[in-house]
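J.: Single-letter residue listing:
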Amino acid sequence: MVDDMQDDLVFKALADPTRRLLLDALFETDGQSQSELEALAQQRGEMSRFGVAKHLRLLEEAGLIVRRKQGREQRHYLNPIPIRMIHDRWIDKYTEHHTMALLDLKRKLEES
Amino acid sequence: MSTDTSTMPAATNRQAPEIQIFRVYIQAPAARVFEAITSPEFSVKYGYGGEVHLDLTPGGDYRNDTTAAMKEMGMGDVAVTGRILDVDPPNRLVQTWIAAWHGEETTLTWDLMEYAGGLTRLTLTHDCTGAPHTALDVEGTGDADQGGGGWPWVLASIKTLLETGQPMVGAGA
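From first to last, the protein sequence lines stand for chains A and B.
With this note's numbering, letter number 106 in the first sequence gets 106, and the count goes up by one each step, no holes.
With this note's numbering, letter number 62 in the second sequence gets 62, and the count goes up by one each step, no holes.
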């Protein structure tokens, strides 16, 4: 139940180019402040201060980022675990299917 | 013979972050999650296995013994050593963490927060400042089968063990 709800939040969080941009930016340089991320978003498009703050909150609710206080500033860190869980639960299932299909094909070809 | 590299993906200069944070929600009370982190009965059933032994007082010793498989790979008796810096069961544990294969001192902070209904939010902060080799290992961008699962794989296996009562496939020993 909890995991299903978390998956929903992750998929919704990923369904937005600005939020994906923010995640990519943190992958390149983890632990950035909101003002650093705002500057980056502004470079790439038109994003108000409130826009980035809201996107960061949605990413945090989805568990994709974690805030950590450092001195007077909040820094943002990527949390790889929700995406890993989705990978394990969904992606592996389908890649495994493809592998099985290829193995079936191989066996049929070898039998004929 | 020259090798054409034009079709290869651009090499990235990205380094593993010095401070890494991992957060997972586990359907189990905080006391049980804390026990999983700190007792050998649990530690052999998740992650890369091996018994953990902790003296849960500030200044106390921490060690994670090697498994039979690790010894076969040429490791000694102990995989990881460390010292307890701060402990407040079942909410918080701060410790140093020194992987024998790198010898770099790093700091782990385990934060547990229990919600109504026995759901626990586990947040692990690994401060690898000045420890680039450890940072790369624990990030979990490698192949889990080859020991490259890092904390994402270890925490996923703690979650699986506590929620299902069974070790995750490939975890523990």
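The set of hints was computed from the structure by calculation and includes no laboratory data.
We treat Cβ as the ideally placed atom computed from N, Cα and C, and that holds for glycine.
Treat each hint with caution, since some may be false.
A few chain B residues that face chain A, going by a derived Cβ cut-off under 10 Å, partial list only [said to hold, decoys possible]:
1. ALA16
2. ILE19
3. ILE21
4. VAL24
5. GLN27
6. PHE42
7. ALA69
8. LYS71
9. THR141
10. GLN146
11. GLY147
12. GLY150
13. LEU155
J.: Tell me, which hint numbers fail for this structure?
T.: As far as the earlier hints go, 6, 7, 8, 10, 11 are violated by this structure, in ascending order.
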